[in-house]
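There are 2 protein chains.
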Amino acid sequence: MTLKLYFDLLSQPSRALKIFFDIAKVPFEPCPVALRNGEHKQEPYLSVNRFGRVPAIDDDGFKLSESVAIVRYVANKYGVPNNWYPKDLKGQAVVDEFLEWHHLDLRLGCAMYFQSKLLIPMMTGKPPSDKAVQMYENRMNSSLDNIENMWLGDGRPFLTGHQISIADLFAASEIEQTIFGGHDPTKDRPKLGAWLERVRRDLNPHYATAHKYIKILCSAGSKL
Amino acid sequence: MTLKLYFDLLSQPSRALKIFFDIAKVPFEPCPVALRNGEHKQEPYLSVNRFGRVPAIDDDGFKLSESVAIVRYVANKYGVPNNWYPKDLKGQAVVDEFLEWHHLDLRLGCAMYFQSKLLIPMMTGKPPSDKAVQMYENRMNSSLDNIENMWLGDGRPFLTGHQISIADLFAASEIEQTIFGGHDPTKDRPKLGAWLERVRRDLNPHYATAHKYIKILCSAGSKL
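Taken in sequence, the protein lines are chains A and B. Going by this note's numbering, the first residue of the first sequence is number 2, and it counts up by one from there. Going by this note's numbering, the first residue of the second sequence is number 2, and it counts up by one from there.
Just so you know, the hints here were simulated from the structure itself, not pulled from any lab data. Any given hint could turn out to be false.
One copy or two, either will do: identical chains are not told apart, so a pair holds if it fits within one copy or between any two.
Below are the DMTMM-like pairs computed for lysine to aspartate or glutamate, each with C-alpha atoms no more than 25 Å apart in a straight line [claimed, not checked]: (1) K26 x D89; (2) K5 x D61; (3) K78 x D89; (4) K64 x E149; (5) K192 x D106; (6) K88 x D59; (7) K91 x E138; (8) K192 x D203; (9) K5 x E44.
Could you put the whole structure together from the sequences, leaning on the hints where they help?
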């Protein structure tokens, strides 16, 4: 039986899953899908994920997309340490609450900021649209303030309690990307800054390895 | 022990949860939160959900927000019929896959179309922005095409298989709302049309009851 992980380290949810599989010691076969070559929009990948997005898994013939659905399935099936995705109902619900919240909040703000500020200009050769960047920056800052004041507001070390979970991993991967886009999410947010350091520490060396490629690419892109 | 559901039938995820609790016979105490009076942004509601959004639950002191997290917690704790949220890992993963997909796809497109076409003009008294409506209509149509061609593409009666699940309930509630906004999502989408009829049939009378208020409001609003 083989669990195949299809991913590209250019994609934020791909990085989150790759780090999760590595840190939680989930046995898997890495299957890179080169977005730069359009491999995600062609066969054979479309037979793995008909929507042509990464990441996805093929678990001995069972194909599944959507990173949050994957992490939940894998955590339950492969029995990863309890802190990542708790087995008790309430612990699990609190992690779920964050992950469901993050889609239309943290992820939407951070990803659209990164795209408008760096990715689209890099791909088109045109300067970023100030109006679009400002709109997404405001949205992102509102989400980052929620991390500082709501999720970490009571002084807890991690987003959903005293132990690191997949909520921290998904959140940090979104936030880390904005730094490559030239933003400092920790400015005037001391709790977020200390939390991000803790998450990096607990997830390394896998975290640094997964971010290496996008970091180099963004550094090159910002000099164009 | 009491499970309290805080909701307003003006909110789509509130309607989905209310219908789910009714149809799956989850014992609960209904706690309406009047959005029109700003009750969601004031105490005592902020002590239930610090983000000031509906829906939320208070399950004998355990407070939880985010509709998808709630439905998962309630389905597991209150042992609802298996079709709504399957107990086996793969069946559950397929429902999760749809729910995770829908946030930044179907929900984003449908909700923003509805807001820009009807809700914002009703609240501000100004005509809708044609540019915004067109942008969100395109996005919504792309998601509706995915429902027709991908999720229902192989002729299955429901989104995640042969039985109705919470995936169908969440999707139908998003799509139903666009009809009140003056859109016909079933035009040139025969599979979606037949599916929507099946979902309404299986969820009634609770589905019609939950949609009654928003239907009257939209009908009045479109005549302004």
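How would you label the pair K5, E44 (within, between, both, or neither) given a Cα cut-off of 25 Å?
-> Cα proximity of K5 and E44: one copy only (16 Å, versus 48 Å across).
Since the copies are identical, ignore which copy is meant and state whether K192 and D106 lie within 25 Å (CA to CA) inside a copy, between copies, both or neither.
-> within (19 Å within a copy, 32 Å between copies)
Is it within a copy, between copies, both, or neither that the alpha carbon of K91 lies no farther than 25 Å from that of E138?
-> neither (33 Å within a copy, 38 Å between copies)
Could you place K64 and E149 in one of the four classes (within, between, both, neither) given a Cα distance threshold of 25 Å?
-> For K64 and E149, the Cα distance is within 25 Å only across copies (20 Å; inside one copy 37 Å).
When no copy is named, should K26 and D89 be tagged within, between, both, or neither for a Cα gap of at most 25 Å?
-> For K26 and D89, both the intra-copy (21 Å) and inter-copy (23 Å) Cα distances are at most 25 Å.
Intra/inter-copy verdict for K192 and D203 if alpha-carbon distance must be at most 25 Å = Within. Shortest intra-copy distance 17 Å satisfies the 25 Å Cα cut-off; inter-copy 48 Å does not.
Given identical chains, is K88 near D59, meaning Cα to Cα at most 25 Å, within a copy, between copies, both, or neither?
-> Answer is both; intra-copy 24 Å and inter-copy 20 Å each pass.
Is it within a copy, between copies, both, or neither that the alpha carbon of K78 lies no farther than 25 Å from that of D89?
-> both (15 Å within a copy, 10 Å between copies)
With identical chains treated as interchangeable, where does the CA-CA distance between K5 and D61 reach 25 Å or less: within a copy, between copies, both, or neither?
-> within (8 Å within a copy, 42 Å between copies)
In this structure, only the earlier hint numbered 7 is contradicted, and the remaining ones agree with it.
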